[in-house]
Each structure stands twice: as C-alpha cells, then as structure tokens.
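Hey, can you work out the whole structure from these sequences and the hints?
Number of protein chains: 2
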Amino acid sequence: MKICKKIVIVGLGLIGGSLGIVLKQKRIAQEIVGVSRKDSTLREARRRKSVDWCTKDLKKAVGNADIIVLAAPVNTIIGFAEKLANSAPKKCIITDVGSTKEKIVRAFESRCLNFVGAHPLAGSEKRGVHFAQGNLFQDSVCILTPTKNTSRGSLLKIKRLWQAAGARTLALAPEKHDAVLSLVSHLPHIIAFSLVDILPTGWKKFVPSSFRDVTRIAASDAQLWQEIFLTNRKSLAGNIDKFIRALQQFKAMIQKQDSPRLYQSLKRISVKRNRL
Amino acid sequence: MKICKKIVIVGLGLIGGSLGIVLKQKRIAQEIVGVSRKDSTLREARRRKSVDWCTKDLKKAVGNADIIVLAAPVNTIIGFAEKLANSAPKKCIITDVGSTKEKIVRAFESRCLNFVGAHPLAGSEKRGVHFAQGNLFQDSVCILTPTKNTSRGSLLKIKRLWQAAGARTLALAPEKHDAVLSLVSHLPHIIAFSLVDILPTGWKKFVPSSFRDVTRIAASDAQLWQEIFLTNRKSLAGNIDKFIRALQQFKAMIQKQDSPRLYQSLKRISVKRNRL
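Residue numbers (numbering that gives the first Met the number 0), protein chains in the order written: chain Y, 0 to 275; chain G, 0 to 275.
Careful, some of the hints might be misleading.
One copy or two, it doesn't matter: identical chains are merged, so the pair holds either way.
Stated by the list, open to error - Mimicking SDA-like on lysine to any residue, the simulated pairs with C-alpha atoms at most 20 Å apart in a straight line are: (1) K58 with I2; (2) K233 with R105; (3) K4 with D220; (4) K158 with F205; (5) K271 with D212; (6) K241 with A251; (7) K4 with K25; (8) K203 with R274; (9) K204 with T168; (10) K266 with T200; (11) K125 with D212; (12) K204 with D138; (13) K89 with R105; (14) K158 with T146; (15) K125 with W52; (16) K233 with I243; (17) K4 with T54; (18) K37 with W52; (19) K233 with A245; (20) K204 with N273; (21) K82 with D51; (22) K1 with L198; (23) K125 with A84; (24) K25 with A178; (25) K82 with K241; (26) K233 with R244; (27) K5 with D65; (28) K59 with A80.
What the hints contain is simulated information worked out from the structure, not anything from laboratory work.
Encoded structure:
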C-alpha cells in the first residue's frame, strides 16, 4: 500500500539497507532511493537490489522526496540538519533511526524542518549492507518521538512506514526515550564492554556460553556506540550508578553470607526475567 | 568403548540426565544407573531412557559401582561426602559436576575418598531432566581439578568419561578453578541478576534484544546460584569490585566527554570480543 511517491534512505548500512529491502517488498512508495558515500556500499546495495537506485549525490537524491530517512550514526544524523535545511523539498518529512533522540530532535526542530524522530529497536552487533535483510524489523518495536512541533499527518505517515516494515510503533517524548534507552540498551552495552575489558588474556579457553551471551554486544561498532554514549551521557551516568548500587547490594549479601535474603532476591529476579 | 562396568549418576537434572543419555549412547559402561529423590524425575528418566535403571535408594545404587558422578547443586554434593564415606565401594572413583570446586574437593579429600573434581562448562538457564539431551556436552569444555591426592589412574578415567561425552578436558587446581570461574561465569550471573533487578516495572515493552541477551541467565535457578555465589564469595566479591572499577572508568570518560579515549577503549574491546 503506497503512502507516498518517493522515499530517500540516506545511509545504507544494516538498518538503512534492511529498510530499503522491506519497503520495496511492501511497495510503499513508487520509488525508493538510497544515498551512501561509499562506492563499495553503493555497489552492494545495487547488487542486492536494496533500493530502486542509489547515488553519492544527496542533493540529486532528495529532489521531490516525500520522506527522507536518515539511517546513520547519531552525529552524522545531526550533521544532516544543516545540509537538509537547504536541500530538502519544503513539504518533505524528515525522519531518522538514531539511537538517542533529544539532541537529534532539537537539531532538526531548531531549523524548522518537518521532522519525526524514530528509533527502531532492531539491529545487532553486525554492521553494513551485507547483513541487510527484509525481515530485520519483523515483530520489533519502533519508538517514535513526536513533540508539540510534530505535524499529526507526518507522524501518521512515519507510523505507517514502520508498520509496513513489520514493527509495532510506540510514542515517547525524546527525553523519555533517552531515559528509557539509557537503561534498556546503553547500560547493557557499557556492561558488556566492561566485562570483556577485565577478562585476562589467555582465559579465552575457559569462557562459557554465559559469558559469550552477556558480552555478544561488546563486538558492536566503536564509533556508533561512542556517539550514543556521549549524546546520552547524563542519563547513562545515572543508570551506571544505579546498577553499581544493585551490584553492591549483592556483594553485601554474599559477603555477609545472608543466604535467605540472597535466595529471595535471586528467586524474585528470576521470576521477573522469565516474564520478560 | 568401555572404561568400566558400572557408573552411577546421582542427580538426574539437566546435567545428570544429559550425561546418562550420552554415556549410554557411547556404551562407556555395562550399566548406567541413576539416583533421584523425586518420583517425577525417576519416571521421566525412565521414559526418556536416560539411564539403564534408576532408584531412590542411594545405597542400593552404588553397590559395585566403579564410578559415582554427583550431579547436584554444590551444597548437596558436599553433603554426599559423609554419606558415601560409609556406602561407596572401596575402589570406586567419586566425581562431580559442581560449579565451585575448592569446598567440594576439600570435603571429599578430608574423608580420604578417591575423588576427582570436575566441572563441565555446559548447561543453560534451563533445569531438569526434561531438557536433558545427549549432545549437551558436545564441543564444550570440562575442567578437571586434580590435587596432589588425586590418583593418576582415576584422573585418566574421568578424563575419558568426559571426552566420551564430547567435551574437551582441561586441568586446573581447585582454587584456580574458582578464581577463573568467579570471573567468567559467576560475575556474569551477578551482572544479569542486577540488571534485571533495576528494570522498572512496565518497561517490558521497551526491552530490546541486547537487554534480553545480557540477562538471559538471570532466569537461572535461584537455589543453585545462591550456593555457587556463597561457596565462592571471596573471589566473586573481588571480581565485582574489579568490574565496578571498569564501569567507573567508562563513566568518567563519558562524563568528561573524552571522545578519543572512549573510542579507543571501545575499539580495543570490540576487537578483543570478536576474537573470543
């Protein structure tokens, strides 16, 4: 079902490439156009038919665009606010897939662009159009971050775009999004990185599947996550402290050999985890 | 290939049940006998043919046993030291699958039992003979913890038992085992429990796959893990501190917005994780 004529996806990595594939499958627009700076990505996107056509030329790509999806790391998305203030068609809706939202939304709204913030909770530690697949968003959640400046019609279109991609959409204010994500996503990444950091060299042979599962996401892209951590630093620092307090409570129970309380805590938490 | 006539597995949970299945498949003994206190477990073990026969009666089961494998939580294993001092045949080799080793090995050696400590790094947050499967140990590691009191012949037999089950064996002193495991296994569990603990109720809908992966093991059995944490408390407390220091280093880099150092750390760690 078509929602518009032309969608431009800027950035053809795992997220942008996968979005192109599924939006083409669902025939959501007459034309899906891709933009990438890298020749190798453009070649691979063409080979995989992730988009109808693609180019390095942002200005050329966004001509007559109805929707522009910025699928790039946080700081790169922020950098597009100025570029698009000059080049994007007036009525065009601009949206993104960035992992933090407050700074991104502010950058676009301060330039009076017709912006709808979005964050698909999908992806993995893998990166690049090579790993793109049409079912990446199937049964996932996409958080939209409308503000008082967001047009109702634009919000509805971006909602329908993500629903067509297979996601369930939820709405949160940008600040609330960043507070929630700092706990459910950014903190787990800091934890995984920290745990791998303290593994002594030579202990690889002792590493069980539990350690591998907890640290899988420590293989994530350093540049991408550096930007996420720094654009959400206040909320993240607060959650690191909260998490350290939880660890210290366990440490105290263990050192005091408070077996009944330790058992009760573990029991309560394992029930909570089983319900997730 | 037979290594002896009779093996008795005491405890028919995920580990004991799976071991029974694979040792029967490999025809490693003439007779594989199971012991469990629970009627439902005995019924299920019979239905799945996890062992040749099984009983509640420990004394009856261990008569003429060549090898007794204690597949139970740590404190239950320790409790068997006294029971088996009276009932186990003189030449019988006693071994176990406990997740901490120092206290277990001491309990058996102090009673001059012919003991070989073992810890298969396999299993999952699942529990019970219902989940038992013959390939559970395939390509896993089993750590053996011989001491100066361990007979060479006994060690070799237990090594061949685990190799027949599909595991690669490594040897570590019991204290070294506990130090290593407190970091590669017990700490990840404390981390997972702590992270689930601080998730606010009602945030389930925002939980992405990264949070699920990091906390999968928080669904583990409370009693089992309480015993593991308490029997390895000194080493575990030290590693909780070490991990908190790593978290605090990240927090400092994030708060100072030390982007180059943060990037370098994340990059170094993601390379390290990819090599695991």
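Structure-based check of each hint:
In this assembly of identical chains, K58 and I2 lie within 20 Å of each other by CA distance neither inside one copy nor across copies; the values are 23 Å within and 75 Å between. When the C-alpha separation of K233 and R105 is checked against a cutoff of 20 Å, the pair qualifies only within one copy, where the shortest distance is 17 Å, while the shortest distance between copies is 49 Å. Taking the shortest alpha-carbon separations for K4 and D220, neither the intra-copy value of 34 Å nor the inter-copy value of 54 Å comes in at or below 20 Å. Taking the shortest alpha-carbon separations for K158 and F205, only the inter-copy value of 17 Å comes in at or below 20 Å, while the best intra-copy value is 46 Å.
When the C-alpha separation of K271 and D212 is checked against a cutoff of 20 Å, the pair qualifies both within a copy, at 19 Å, and between copies, at 15 Å. For the homomeric pair K241 and A251, the shortest alpha-carbon distances inside one copy (16 Å) and between copies (15 Å) are both at most 20 Å. Taking identical chains as interchangeable, the C-alpha atoms of K4 and K25 lie at most 20 Å apart only when both belong to the same chain, with a minimum of 13 Å there against 64 Å between chains. Taking the shortest Cα distances, K203 and R274 sit within 20 Å of each other only across copies (9 Å), while inside one copy they are farther apart (32 Å).
When the C-alpha separation of K204 and T168 is checked against a cutoff of 20 Å, the pair qualifies only between copies, where the shortest distance is 11 Å, while the shortest distance within a copy is 42 Å. Taking the closest pair of Cα atoms, K266 and T200 come within 20 Å of each other only across two copies (16 Å); inside a single copy the shortest separation is 34 Å, beyond that limit. In the homo-oligomer, the alpha carbons of K125 and D212 lie at most 20 Å apart both inside one protomer (15 Å) and across protomers (15 Å), since each shortest distance falls under that limit. Taking the closest pair of Cα atoms, K204 and D138 come within 20 Å of each other only across two copies (12 Å); inside a single copy the shortest separation is 36 Å, beyond that limit.
In this assembly of identical chains, K89 and R105 lie within 20 Å of each other by CA distance solely inside one copy; the values are 19 Å within and 77 Å between copies. Only within a single protomer do K158 and T146 lie at most 20 Å apart by alpha-carbon distance; the minimum there is 15 Å, versus 64 Å between protomers. Proximity of K125 to W52 under the C-alpha cut-off of 20 Å is found in neither arrangement, the shortest distances being 24 Å within a copy and 48 Å between copies. Taking the closest pair of Cα atoms, K233 and I243 come within 20 Å of each other both inside a single copy (16 Å) and across two copies (18 Å).
Taking CA atoms no more than 20 Å apart as the test, K4 paired with T54 passes inside one copy only; the shortest distance there is 18 Å, against 72 Å between copies. Proximity of K37 and W52 under a CA criterion of 20 Å is satisfied intra-copy only: 14 Å inside one chain copy versus 65 Å between copies. Taking the closest pair of Cα atoms, K233 and A245 come within 20 Å of each other both inside a single copy (19 Å) and across two copies (18 Å). Taking the shortest alpha-carbon separations for K204 and N273, only the inter-copy value of 14 Å comes in at or below 20 Å, while the best intra-copy value is 30 Å.
Within a single copy, K82 and D51 get their C-alpha atoms no closer than 23 Å, and across copies no closer than 74 Å, so neither meets the 20 Å cut-off. Proximity of K1 and L198 under a CA criterion of 20 Å is satisfied in neither setting, with 51 Å inside one chain copy and 39 Å between copies. For the identical chains of this complex, K125 and A84 are neighbours neither inside a copy (32 Å) nor across copies (54 Å), given an alpha-carbon limit of 20 Å. Neither within a single protomer nor between protomers do K25 and A178 lie at most 20 Å apart by alpha-carbon distance, with minima of 33 Å and 54 Å respectively.
In the homo-oligomer, the alpha carbons of K82 and K241 never lie at most 20 Å apart, since the shortest distance is 39 Å inside one protomer and 45 Å across protomers. Proximity of K233 and R244 under a CA criterion of 20 Å is satisfied in both settings, with 17 Å inside one chain copy and 19 Å between copies. In this assembly of identical chains, the alpha carbons of K5 and D65 lie at most 20 Å apart only when taken from the same copy (5 Å versus 75 Å across copies). In this assembly of identical chains, the alpha carbons of K59 and A80 lie at most 20 Å apart only when taken from the same copy (17 Å versus 78 Å across copies).
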